[in-house]
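Based on these hints, arrange chain B on the given structure of chain A.
Number of protein chains: 2
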Amino acid sequence: MFESTMMNMPLTIDILIQRAQTVSSHVEVVSRQADRSLHRSTYGKVAERALQLSRALLAGGIKKGDRIATLMWNHSSHLEAYLGIPMAGAVIHTLNLRLHPDEIAYIAEDAKDRWLLIDEVLLPLFDAFKGKYPFEKVIVVDSTKALTEGRVDYEALLKAAPKDTPLPELKETDALGSCYTSGTTGRPKGVVYSHRSTLLHSVVSALPDSLQLSFTDCLMAVVPMFHVNAWGLPYTALLVGAKQVLPGPFLDPTSLLDLMEEEKVTVAAGVPTIWMGMREALDAKPRNLKARMVVGGSAAPEQLIRDFDRHGLELIHAWGMTETSPIGLVAKLSPEAKGKSLDEQYHMRAKQGLPPPFVQVRVCNDSGEVPNDGKTSGEIQIRAPWVTQSYASNDSKDRWTKDGYFRTGDIATRCPLGYVQINDRIADLIKSGGEWIASQQLENALMGHPAVREAAVIGVPHEKWSERPLAAIVLKPDMKASADELRAFIAPQFANLWLPDAFVYLDTIPRTSAGKFKKTELREMFKDWKWEK
Amino acid sequence: MFESTMMNMPLTIDILIQRAQTVSSHVEVVSRQADRSLHRSTYGKVAERALQLSRALLAGGIKKGDRIATLMWNHSSHLEAYLGIPMAGAVIHTLNLRLHPDEIAYIAEDAKDRWLLIDEVLLPLFDAFKGKYPFEKVIVVDSTKALTEGRVDYEALLKAAPKDTPLPELKETDALGSCYTSGTTGRPKGVVYSHRSTLLHSVVSALPDSLQLSFTDCLMAVVPMFHVNAWGLPYTALLVGAKQVLPGPFLDPTSLLDLMEEEKVTVAAGVPTIWMGMREALDAKPRNLKARMVVGGSAAPEQLIRDFDRHGLELIHAWGMTETSPIGLVAKLSPEAKGKSLDEQYHMRAKQGLPPPFVQVRVCNDSGEVPNDGKTSGEIQIRAPWVTQSYASNDSKDRWTKDGYFRTGDIATRCPLGYVQINDRIADLIKSGGEWIASQQLENALMGHPAVREAAVIGVPHEKWSERPLAAIVLKPDMKASADELRAFIAPQFANLWLPDAFVYLDTIPRTSAGKFKKTELREMFKDWKWEK
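Protein chains in written order, with the working numbering: chain A, 2 to 534; chain B, 2 to 534.
Only chain A is shown next, with the shape it has when bound in the complex (with noise of 0.2 Å):
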């Protein structure tokens, strides 16, 4: 046998602190911290405390595989945490400080955490949930108060580390990370991210079609480190050397803006309901920016990447899982789709886009894989080496097919061009008559209205149709749209059976942890809706 003779040069972590201490040490990792102000580092020396952080996991007990959770915003020391924790071989699980406390003890379990690392400021939220699961040992970070007993103080850990413990030899399939599915339906369930996985994920998003990042970047993540590991960013930044800027636990439209301006963010990431806020603190006092904006989580209105360009921001839309890492597709403009004009542009972007190169993604019905029509709708199925082939400890097998791609759940259709564009989620669909009608279709229609902020639709239980849809809506500060102004507007984009036979207006949409409208609590809510006869 004819062999290769290419060195084995396995892909972990240490490739990450390895270009953190020599070509990118100098380059800054900016965070806002809980007093507002400014925390200053680098690379390299995020690099340096991360090995110290191994080395006291390891004088701890720590061994390969163990779970290190991790209750903290967006920062230096989260980031640290990002690197040294797989470093010693041991698991990050990044804990979802916005759920309820009993699904974060839950997941806790679940996972079977040996040790915390938390936020000083989020003491509280873990005081409402201590008693239901029992962490080894509460690492305190930035703490500035006494500390209860048995609590330790992260830089004092640091501090006492051992210089020269050496580190574990890792595997590139060795488990890096693990995130837990937000749960839109049923109970939150793992997923276990490799060195491999996330270092191919990492250099595969930095592709000039993906978000572009190079080491002349200035990344902010907004999504936080807690959501599938803000997308894998913060990896991404320290592959490419591109600069940090962390926002803490400060999401609101103006420290993020002041953090872009200040700083120069050229790359900034988060979900549509943060851009949305921005959008109109933007229109209501214009700052002179230009940054690409990456947006994901769920679908971003067409409207929305149409105002962003006004404000000299580029939205790119992305789409993703926490079981697909998360990319998956990603709407950049092909050559085909620059020769459209300028409308056909804005649909396009408005899409979840194209597969970036790894990953293979089909749609496909009960007769096999759909025609690129841009009509004939089917489950997006995908495959790469950045998806999950199971759940940590759960069984749901029917979420793969037989060839061993990840059956979705979102409903979509597939233009001419290639492009992906969801429609839906199977569970939101709604059964009208013999027809499915999309909810997302219709929301996305309706916040391209100029009153409108955010609309959420639902299918209410209807004696006639089995369901009909219903528009939740709220509306901007000081405006207003009629239901019959709301249906008029979109009545052109939709055959009459799919507009909603009801407009209810609302403060606030319920939403889940990871920003996406809550359609079962909606759902809930309007269970015994009246439908007038």
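Read the hints as simulated data drawn from the structure, not as lab findings. Here a beta-carbon is modelled for each residue, glycine too, at the ideal position from N, C-alpha and C. There is no bait here: all hints are sound.
Okay, the calculated bits of chain B under chain A, using three or more residues with CB under 8 Å as the criterion:
{"hint": "1", "stretch": "8–17"}
{"hint": "2", "stretch": "65–72"}
{"hint": "3", "stretch": "193–199"}
{"hint": "4", "stretch": "203–214"}
{"hint": "5", "stretch": "335–345"}
{"hint": "6", "stretch": "358–369"}
{"hint": "7", "stretch": "377–389"}
Relative to chain A, chain B alone:
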């Protein structure tokens, strides 16, 4: 043990085939044929034909790991071989048509190539060595004339291939291709790339801080597909879905510039000699171009980078070797470098640059790693998933350090911003008195003179000094520069001791098949040189 739940998806060539058949199936591949006409294909067609080639190989008894040689210019059939041979589990071995026929036979024998794919126009070359190595089968590509007995027409081979032969399952560590070092010293040595190394190299080559290759680009690899796989660019372009323009045998400036204009090339790649010829053509007749020009293989003089800027062409300096797949360093400007004066930026761009992600580069002398002071020199040592850890059939263990870095034989310094600058090959250093003089530094300075087209500096034996530098100069057409003038021109940049004692004027400087100065031949020419007393 807590395990990763990620899919086990090997990094093999079928990832490229899958993309060529789906998202990129419409992307064009334009080849200049032997009769100068343009042949237009698409990735979809190339993939289809590549799979026919795979099945023809399997039907012909080719087994996993068998070597299939190619002796071809850059065109779409060669691209088919790049895909089809490894898809069959075999190893593509690109023979360098610029070598001496005896050397080609030696290399084919060393690799034990079974079949040969050859351009019809190269049959005369084949006739010169066919008696020296017996290929089992010779397949002629683009044949227009009746074939000699025993030779097979490529199109007939594809046509006769079975339609449904199952392709073998590939491991990512399987051998994909083999290249031989061009042998500036010693006999050529083989390096064997794996599927994994090729895929990883491709994705990193496309990063913003490497070549920044997008599906909106049109790539023209002028560097031959028989030179380190055209620096891996055909694979990189396939991975991202960039259009490819393949110039066939016509590498003169006018043919290349015509292609760039007509096909709207945005990225071209080649050795300095090619770009020097192009500079003359552009100076004589400017064109309206806008492209990035990757230059590697040997150092590009700073003046070349400055001159191309005037023509709207951004030269990007990169460094690598057959042993490194090749990408090892790229000279893109970091934020710190961008903060320097324009002159300093040009100095930076003329260095070999910074290591891309996954590449670990250090510069070491006997005392260990040299400081980043831009002065202390040492040998470049490199480690990456696409760097070789041995030669295929040659025991040269002294080329690797104990901790597994490849010793490149290049002498370099590293500046405070981390940029590596090669001063010379160890073998080309000139020992004068107790001092080492770096011939390449003198050459680059001399090539900054407006009258100098090429300059090569060698050490010539000297009674008193052991060696002294002699500069061989090729002037631009109708231009002059005396020895005194040239010495005065470079004097400000060097110690007196470094300045060449003699200048000789040649019509051409002997080159290796890779376009590098063949210093061994120059030294032979001047070995009996009589220094003036």
